[in-house]
Structures are given as C-alpha cells and as structure tokens.
Amino acid sequence: MAASTSLLSQGTLIKQGAEAVRNDSHFLQGVSHTRVQKVYALPSLFPEPTIYNPSSSSSSSPSPPTPVILKHRFIKTYRHPTLDASLTSQRLTFEARALARAAKAGVTVPKVVWVDEKAGVIGMERIEGWSVREVLGGGAEGEVEIIAEQDIGGEVENKIEATAVREEPEESENEGLKALKNLGVTEGKISSSTILVRKSWIKSILEHLMRSIGAALARLHKTMIIHGDLTTSNMMVRLTPGGPGPYEIVLIDFGLSFQAQFPENYAVDLYVLERAFASTHPRSEKLYAGVLETYAEGLGEKKWKPIQIKLKDGQCLCIE
Numbered sequence: 001m002a003a004s005t006s007l008l009s010q011g012t013l014i015k016q017g018a019e020a021v022r023n024d025s026h027f028l029q030g031v032s033h034t035r036v037q038k039v040y041a042l043p044s045l046f047p048e049p050t051i052y053n054p055s056s057s058s059s060s061s062p063s064p065p066t067p068v069i070l071k072h073r074f075i076k077t078y079r080h081p082t083l084d085a086s087l088t089s090q091r092l093t094f095e096a097r098a099l100a101r102a103a104k105a106g107v108t109v110p111k112v113v114w115v116d117e118k119a120g121v122i123g124m125e126r127i128e129g130w131s132v133r134e135v136l137g138g139g140a141e142g143e144v145e146i147i148a149e150q151d152i153g154g155e156v157e158n159k160i161e162a163t164a165v166r167e168e169p170e171e172s173e174n175e176g177l178k179a180l181k182n183l184g185v186t187e188g189k190i191s192s193s194t195i196l197v198r199k200s201w202i203k204s205i206l207e208h209l210m211r212s213i214g215a216a217l218a219r220l221h222k223t224m225i226i227h228g229d230l231t232t233s234n235m236m237v238r239l240t241p242g243g244p245g246p247y248e249i250v251l252i253d254f255g256l257s258f259q260a261q262f263p264e265n266y267a268v269d270l271y272v273l274e275r276a277f278a279s280t281h282p283r284s285e286k287l288y289a290g291v292l293e294t295y296a297e298g299l300g301e302k303k304w305k306p307i308q309i310k311l312k313d314g315q316c317l318c319i320e
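Each residue of the sequence shown is one higher than the one before, starting from 1 at the first, in this note's numbering.
Worth flagging that the hints you see were computed from the coordinates, not collected in a lab.
Backbone N, C-alpha and C fix where the C-beta goes; we use that ideal spot for every residue, glycine too.
Possibly wrong hints are sitting among the right ones.
Here are the simulated lysine-lysine pairs, DSBU-like style, with alpha carbons at most 35 Å apart [claimed, not checked]:
no.: 1; residue 1: Lys286; residue 2: Lys312
no.: 2; residue 1: Lys178; residue 2: Lys118
no.: 3; residue 1: Lys302; residue 2: Lys178
no.: 4; residue 1: Lys305; residue 2: Lys286
no.: 5; residue 1: Lys286; residue 2: Lys222
Pair by pair, the computed Cβ-Cβ distance ranges are [unchecked claim]:
no.: 6; residue 1: Asn182; residue 2: His80; range: 48 to 56 Å
no.: 7; residue 1: Ala278; residue 2: Gln16; range: 23 to 31 Å
no.: 8; residue 1: Val115; residue 2: Gln16; range: 32 to 40 Å
no.: 9; residue 1: Ser6; residue 2: Thr93; range: 17 to 25 Å
no.: 10; residue 1: Arg238; residue 2: Leu87; range: 26 to 34 Å
no.: 11; residue 1: Val115; residue 2: Pro244; range: 26 to 34 Å
no.: 12; residue 1: Ser44; residue 2: Gln261; range: 19 to 27 Å
Produce the complete structure using the sequences and hints provided.
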C-alpha cells in the first residue's frame, strides 16, 4: 500500500471525476453503475537504474522506460469501510483479470503492470495514439482533464482543458486523421502513391476504421467479456509501423466490465456504442453499420443472430 502511495505521489494527475452511468430506457433497465477514480500518468513504474551490468557478449543499451497509467479508486466515505474495501477489491481484481484474459485471446488491450487491491490502484501501460473520438472529430473528453508539467519542446507547460466538448466538422483534418492519411490507409491497404479526392480518402479511412473496430469487438465478445462502457473515448488508434497493419484498435478502461453469456448483454454493449456515435458523432452515425457488419463476420452467424434480435428489440423499445 505504501508503494502505491509513493507511485501516486510521483505521478501527474490527468483525469479525475465521478461518473454515474444510469440508463432509464427499457432496453437498459436496471443497468446502473457509479465510478469514482483518479487517473495518473507516470514516466515509468520503476526509476531509471543508476548502475548497469550488461553481459560482456552484448553491447545493447537498456530499453527505454515504459510510460504507465495509474488508476486510483479512492475511498468512498459514504459507504461502510468494510463494504467499500470489498467492492473496490472485487472491481480491481476483475478489471485486471479481464484485461489479462482479453490479451490472451488476441484482443489488443493495455498491459497490466501493477495491482494493489488494498490501495485501490491498478497500473497499466500508457497507450500512445488517438481515441476514436478524436479521429472522428469529437474533441476532448467530457470530464475535467488536467495536464500538468508536460515537457513540450524543452519547455514546461501547465494547462487545464475545459469540460466542454469541442465539436469539429466530420471532415476536419485532426491530428489522428492526418497520421492515417500520411500512412495512406485506404481500404485496409497502404498506398503511398494513390492520390484521392479529399472527401474520398476521408471516407475510405473512416470505413476501414469502422471495420477495425468491429473486428476488435468481435474478438472481445468471443471471450465472453462485456466491456460495460463502450464509447469512442475508450477505443484508441495506435500506429504500428512495420506491423501487419498500419494501426491497431486498443480497447481501454475495463473498469465496468463483467463476464456474461446472454445475447442481451452483448447487445447492450453494442447499443451503448451506437448511442455514442449518434450523440457525439452524428455525421458518422451511418458508418456504424460497418462496425456491425465486420462484428457479425468475426463472431459468426450462429452467435450473431440472437444478439442481432436482441439489439433490434432494444432499439424498438427505446424508440417507443
């Protein structure tokens, strides 16, 4: 516990807040969660060594430190101490196990590097890239974002980003889209020589992105893990130079995940993501069909059919 406290004191607070997830629709009736946590960024879990003892047969230099994220579920004073400790421990344990199980099944998720149940702290690798929300032009997250003491061009900058979401046109060239464009991502291929009309290459990139998301969700649901908070903010686009593809989708924040086997559980996950597209990225809503198409292919017709039925039933109930 003392070790976790020390790590948190060394980290930089990048996000804090309470998020109550409550759904009153018929489709999501009874689903209610509350999550209160702080998120810290740390350059490395361990300090840089001061003494090296490399093998005489090796001239390689030490690998660079891996940046990590620390999520701290702090004590809830409104709950009985024993109950609070038990619930925090259970959630932390399941999140760590869900990430490990997903990774073993081939789902790209952050690597878990630290778990302290008593302190309510879980540490994992920091994913470098852009959230799908940013790529689609949704701007910053809705919670208070605090970024402090970041070394930018040798200078230290302190800033606090407002809670307001900065909406941009769907076709704006944000940093994430520019990176994918520079790679020449078109229909899942890298084509540096192809020159596309602006709207054409944007559409092509986004369609490929939707298929990548669908494939990632199919792999996750094959493990019987329900994410619980599938939004475009919880999916990262990480470039993979020299890899099998130009980028990969990394699913993050499994704090509300759980294990289930009923079709309606998977349908809820998909419905939450659909509503995220509808509310945050209205111009990209039609692209969501590409997510479902690839998801169905990856899951297989036998497993997809009952989920599709539940998803359609839920949509009808919500519309009514």
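Would you check the hint for lysine 302 and lysine 178, treating anything up to 35 Å between C-alpha atoms as holding? This hinted pair is violated, its Cα atoms lying about 39 Å apart.
Please verify whether lysine 286 and lysine 312 have alpha carbons no more than 35 Å apart. Measuring from Cα to Cα gives roughly 16 Å; hence the hint holds.
CB-CB spacing for leucine 87 and arginine 238 relative to the 26 to 34 Å hint: holds, 32 Å
Holds or violated: lysine 286 to lysine 222, with C-alpha atoms at most 35 Å apart: holds, 25 Å
Distance restraint hint 23 to 31 Å, applied to the beta-carbon atoms of alanine 278 and glutamine 16: holds, 28 Å
Within 35 Å, alpha carbon to alpha carbon, are lysine 305 and lysine 286? holds, 21 Å
Do the beta carbons of serine 6 and threonine 93 sit within 17 to 25 Å of each other? holds, 22 Å
Range agreement (Cβ of histidine 80 with Cβ of asparagine 182, hint 48 to 56 Å): holds, 54 Å
Lying within 32 to 40 Å: is that true of the beta-carbon distance valine 115 to glutamine 16? violated, 21 Å
With respect to the beta-carbon atoms only, verify the hint that valine 115 and proline 244 lie 26 to 34 Å apart. With Cβ atoms ~30 Å apart, the hint holds.
Within a Cα-Cα threshold of 35 Å, do lysine 178 and lysine 118 meet the stated pairing? violated, 43 Å
Should the hint that serine 44 and glutamine 261 are 19 to 27 Å apart at their CB atoms be regarded as holding? Check failed, 39 Å falls outside 19 to 27 Å.
Hint violations for this structure: numbers 2, 3, 8 and 12, all remaining hints satisfied.
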